[in-house]
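Chemist: What follows is each chain in one-letter form.
Number of protein chains: 2
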Amino acid sequence: MNNTDCPMCRRWEEEKELRVIELPHSYVTLNRDQFFPGYTLLFTKNHVTELFHLDRDLRSALMEEVSLVAEALFSVYKPAKMNYELLGNMVPHIHWHIVPRFSSEPLWPRPIWAGPHEEVMLAPHEYHTQIELIRSAIR
Amino acid sequence: MNNTDCPMCRRWEEEKELRVIELPHSYVTLNRDQFFPGYTLLFTKNHVTELFHLDRDLRSALMEEVSLVAEALFSVYKPAKMNYELLGNMVPHIHWHIVPRFSSEPLWPRPIWAGPHEEVMLAPHEYHTQIELIRSAIR
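For the record, the sequence lines run as chains R and G. All letters in the first sequence, in the order written, are residues 6 to 144 by our numbering. All letters in the second sequence, in the order written, are residues 6 to 144 by our numbering.
These aren't lab readings, by the way, just hints derived from the structure by calculation. All values reported here derive from a predicted model rather than from experimental measurement. Mixed in with the good hints there might be a few duds.
If chains are identical, the list can't say which one is meant, so a pair holds when it fits in one copy or spans any two.
What the hints assert, rightly or not - Heads up, simulated DSBU-like pairs for lysine-lysine below, C-alpha to C-alpha not over 35 Å straight-line: (1) 86 x 50; (2) 86 x 21; (3) 83 x 50; (4) 50 x 21.
Between the sequences and the hints, there should be enough to build the whole structure, so can you do that?
Modeler: So this is what it looks like as structure tokens:
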């Protein structure tokens with residue numbers, strides 16, 4: 006169930022170099038901007054927009070995947086706190102922002118959106134290294 | 006299981022006038038600042054800090070409560086999108102920010118944290134009216 010106008014429906018195909026893992030109900034990709042180290046996106050395979058549109062079993066299974074990825078990120082990056090955000094005001098297709106947060110950050114303890122930052126792009130081998138670490142922790 | 010140093014552990018007792026409903030695993034209160042109409046907090050009864058610290062059954066039950074409240078807010082306020090955020094950088098005790106978002110807002114479509122705003126305090130009868138609407142929709 007996909008929507009050709011939706012960038013999230015295309016993301017798994019279009020950002021192959023950022024793929025972390027395919028789970029039963031979601032795709033997981035590293036966020037290209039790594040200003041927040043380990044910032045990961047988890048988005049549903051189907052084009053759905055609100056948690057309460059899902060049936061209970063699917064919602065629970067999806068949240069297990071969110072929790073699994075958050076725990077993996079926590080184990081790899083050892084942050085002070087994990088942040089979990091489901092917004093979708095610009096792109097309504099369900100995508101979770103799962104972000105390790107550190108007390109050493111300039112924005113800490115405010116939300117990641119509380120101030121501007123310069124985007125941090127990694128070299129291809131650096132994306133690969135981070136992705137392998139996260140993927141190993143998920144498995 | 007409470008922590009006397011945690012403001013979220015005290016919130017249900019200290020903000021009685023903002024209480025919406027007690028659910029099996031969480032307390033639901035209206036956010037005092039109603040700049041974002043319908044902004045609601047859902048926090049766990051126990052002092053826990055990460056989704057992945059919960060066992061699967063409790064995590065699923067908690068997310069059912071989040072979804073129930075989000076659906077109720079959606080039915081009352083008829084927003085463009087619901088936002089769901091679990092942050093906890095300042096107060097780690099699990100509390101979900103469940104926020105109806107409208108395309109008429111100055112910050113739309115950015116996250117609620119993307120710019121400053123003047124807090125909007127309601128009169129007591131206005132809090133009461135909003136709370137009754139939400140409570141009825143949850144039941």
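Chemist: Hints first: check each against the structure and report whether it holds.
Modeler: Now the hints, each set against the structure:
When the C-alpha separation of residue 86 and residue 50 is checked against a cutoff of 35 Å, the pair qualifies both within a copy, at 27 Å, and between copies, at 19 Å. Taking identical chains as interchangeable, the C-alpha atoms of residue 86 and residue 21 lie at most 35 Å apart whether they share a chain (28 Å) or sit on different chains (29 Å). Taking the closest pair of Cα atoms, residue 83 and residue 50 come within 35 Å of each other both inside a single copy (28 Å) and across two copies (26 Å). With identical chains, the CA atoms of residue 50 and residue 21 are at most 35 Å apart within one copy only, with a shortest distance of 15 Å there and 41 Å across copies.
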